[in-house]
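**Q** Spelled out from the first residue to the last, the chains are:
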Amino acid sequence: MDTAPGADLAARLTQTAAAARVPASMTALDPMRPRPFRIERWQRDLSDTFTIDLAPLEGSPLTFRPGQFNMLYIHGAGEVPISISGDPERPERLIHTTRAVGQVTNAMKALRVGDVIGVRGPFGTPWPVEAADGHDVVIVAGGIGLAPLRPLIHAVLARRGRLGNVVLLYGARTPEDILYRKQVSAWRGRFDMTVHVTVDRATGRWSGPVGMVTKLIARGGFDARDTAAYVCGPEIMMRHVAQALLDRGVAAERLFLSMERNMKCAIGFCGHCQWGPDFVCKDGPVFRYDRVATRLAQSEV
Amino acid sequence: MVSLQDMDDLLNAHPFFAGLGPKHLDELAGCARNERFDAGDYIFHEGGMADRFYILRHGQVAVEVKVPHKGSVVLETLHEDDTLGWSWLVPPHHWTFDARAVSLVRAISLDGVCLREKMETDHELGFHLMARFVPVMGERLRAARLQMLDLYAPPA
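In order, the protein sequence lines correspond to chains A and U.
Those letters in the first sequence? Residues 1 to 301, per the working numbering, in order.
Those letters in the second sequence? Residues 1 to 156, per the working numbering, in order.
Think of the hints as simulated: they come from the structure by calculation, not from any bench.
Take the hints with a grain of salt, since some may be wrong.
[Stated by the list, open to error] No farther apart than 25 Å at their CA atoms in a straight line, the calculated lysine to aspartate or glutamate pairs in the DMTMM-like style are these:
| # | chain 1 | residue 1 | chain 2 | residue 2 |
| --- | --- | --- | --- | --- |
| 1 | A | K264 | A | D223 |
| 2 | U | K66 | A | E176 |
| 3 | A | K182 | A | D30 |
| 4 | A | K182 | A | D48 |
| 5 | A | K182 | A | D290 |
| 6 | U | K70 | A | E176 |
| 7 | A | K182 | A | D87 |
| 8 | A | K109 | U | E120 |
| 9 | A | K109 | A | D192 |
[Claimed, not checked] Okay, the calculated bits of chain U under chain A, using three or more residues with CB under 8 Å as the criterion:
| # | segment |
| --- | --- |
| 10 | 70 to 81 |
| 11 | 136 to 149 |
[As the list claims (entries may be wrong)] Which chain U residues stay away from chain A? Per the calculated CB distances, all over 12 Å, these:
| # | residue |
| --- | --- |
| 12 | S3 |
| 13 | L11 |
| 14 | D26 |
| 15 | N34 |
| 16 | R57 |
| 17 | A62 |
| 18 | V63 |
| 19 | V102 |
| 20 | C114 |
Quick caveat: nothing in here was measured; it's all calculated off a predicted structure.
For every residue, glycine included, the Cβ atom is placed at its ideal position computed from N, Cα and C.
Turn these sequences into a full structure, and let the hints guide you.
**A** Encoded structure:
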């Protein structure tokens with residue numbers, strides 16, 4: 001049979017990629033090659049945080065699962081790992097919420113509708129939504145940690161009928177730092193979910209709770225022994241939240257965290273994001289608590 | 001007015017007093033009364049005589065401190081099932097902060113003078129109360145330390 005010279009190599013690379021669990025949405029040849037996406041919408045969320053909606057210049061939309069991330073390449077600035085924060089059932093709009101903290105994210109903040117950026121992904125392990133089936137769900141977010149949890153909240157609400165109580169606990173720095181404020185209000189207005197928001201510092205006319213997000217856990221609204229919990233925020237916050245959930249009776253194997261490390265290649269080759277025996281980019285960012293508990297308590301891992 | 005038996009039942013049902021025997025619950029009920037505060041009412045003021053503590057049954061209380069040029073700053077809020085106040089336990093029995101009802105608050109208050117007298121003669125009661133207050137203090141201290149870290153601040 002007559003085949004093109006590269007076909008055999010491509011087929012072998014595909015097999016290798018499959019073995020390495022490179023996402024099926026990408027061909028084996030291009031996990032390192034960004035696809036061009038156009039900014040369709042640019043919105044400022046907080047003083048240093050913004051959300052962009054992307055659409056591919058060509059080809060099919062990028063499908064993803066909640067909790068996964070993309071590598072976003074800004075021409076002339078570099079590449080950064082950013083979690084996807086849109087609805088997984090509406091992949092035609094690829095949504096990323098970013099905090100401008102470094103050179104690349106600041107360059108990204110300066111972009112506007114119509115600008116083109118490169119996208120590689122999606123990468124990483126997803127939030128296991130199905131682990132919640134038949135249980136109550138507790139989602140605990142700290143600060144900008146709400147962004148990687150938003151696709152999960154969409155997915156949870158999409159399978160609402162299979163779940164018990166659904167509780168979202170969110171801790172922000174101040175009332176002005178509440179991310180996705182309109183959407184959080186809308187969730188709060190639903191009859192089928194409980195939403196509590198607390199702030200570390202009350203400002204203005206805030207009349208809601210003030211204090212650590214861990215305190216919201218004590219307010220209950222879920223049956224701890226029959227609960228799946230998903231946590232994202234600064235590492236210290238996640239440690240304390242995880243402990244508070246465990247103390248209450250949540251099972252360690254139904255408790256999930258999303259870790260943040262310095263992801264560069266996103267496919268487990270470069271080693272920048274190594275965390276103990278794992279690479280956060282491909283073995284994470286979502287980890288089951290009981291598998292990382294000992295590492296979580298150690299520094300410099 | 002709530003009868004002593006009703007108060008006994010109220011205290012018995014509260015997680016803070018879980019595990020106390022009938023004798024001690026009776027002693028507590030003898031020092032307890034129902035309280036109600038409307039939104040905006042101050043429950044106590046910094047420096048005031050700390051002669052009681054509160055078990056919140058409903059509503060939200062802000063623990064505040066007055067800061068020059070900034071007005072009242074809310075340090076934390078307390079809610080249903082939380083306890084409010086421990087300055088009654090140890091001399092000089094003065095409140096350290098203000099406490100203000102953010103919403104309608106229903107609470108049970110326990111008279112500190114009454115309790116301190118009972119704890120003098122019944123050290124076991126004192127032990128049981130201390131064993132319940134220390135974890136609350138520890139939890140508040142932990143929360144305050146984490147709040148102090150300003151975890152969600154932009155990276156420096």
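**Q** Indicate, hint by hint, whether the structure satisfies it.
**A** Going through the hints against the structure:
| no. | hint | in the structure |
| --- | --- | --- |
| 1 | A:K264 <-> A:D223 | violated, 40 Å |
| 2 | U:K66 <-> A:E176 | holds, 22 Å |
| 3 | A:K182 <-> A:D30 | violated, 38 Å |
| 4 | A:K182 <-> A:D48 | holds, 18 Å |
| 5 | A:K182 <-> A:D290 | violated, 35 Å |
| 6 | U:K70 <-> A:E176 | holds, 17 Å |
| 7 | A:K182 <-> A:D87 | holds, 16 Å |
| 8 | A:K109 <-> U:E120 | violated, 65 Å |
| 9 | A:K109 <-> A:D192 | violated, 36 Å |
| 10 | 70 to 81 | holds (count 8) |
| 11 | 136 to 149 | holds (count 5) |
| 12 | S3 | holds, 29 Å |
| 13 | L11 | holds, 19 Å |
| 14 | D26 | holds, 28 Å |
| 15 | N34 | holds, 22 Å |
| 16 | R57 | holds, 14 Å |
| 17 | A62 | violated, 7 Å |
| 18 | V63 | violated, 9 Å |
| 19 | V102 | violated, 6 Å |
| 20 | C114 | holds, 28 Å |
In the structure shown, a violation is registered for the earlier hints numbered 1, 3, 5, 8, 9, 17, 18 and 19, in ascending order.
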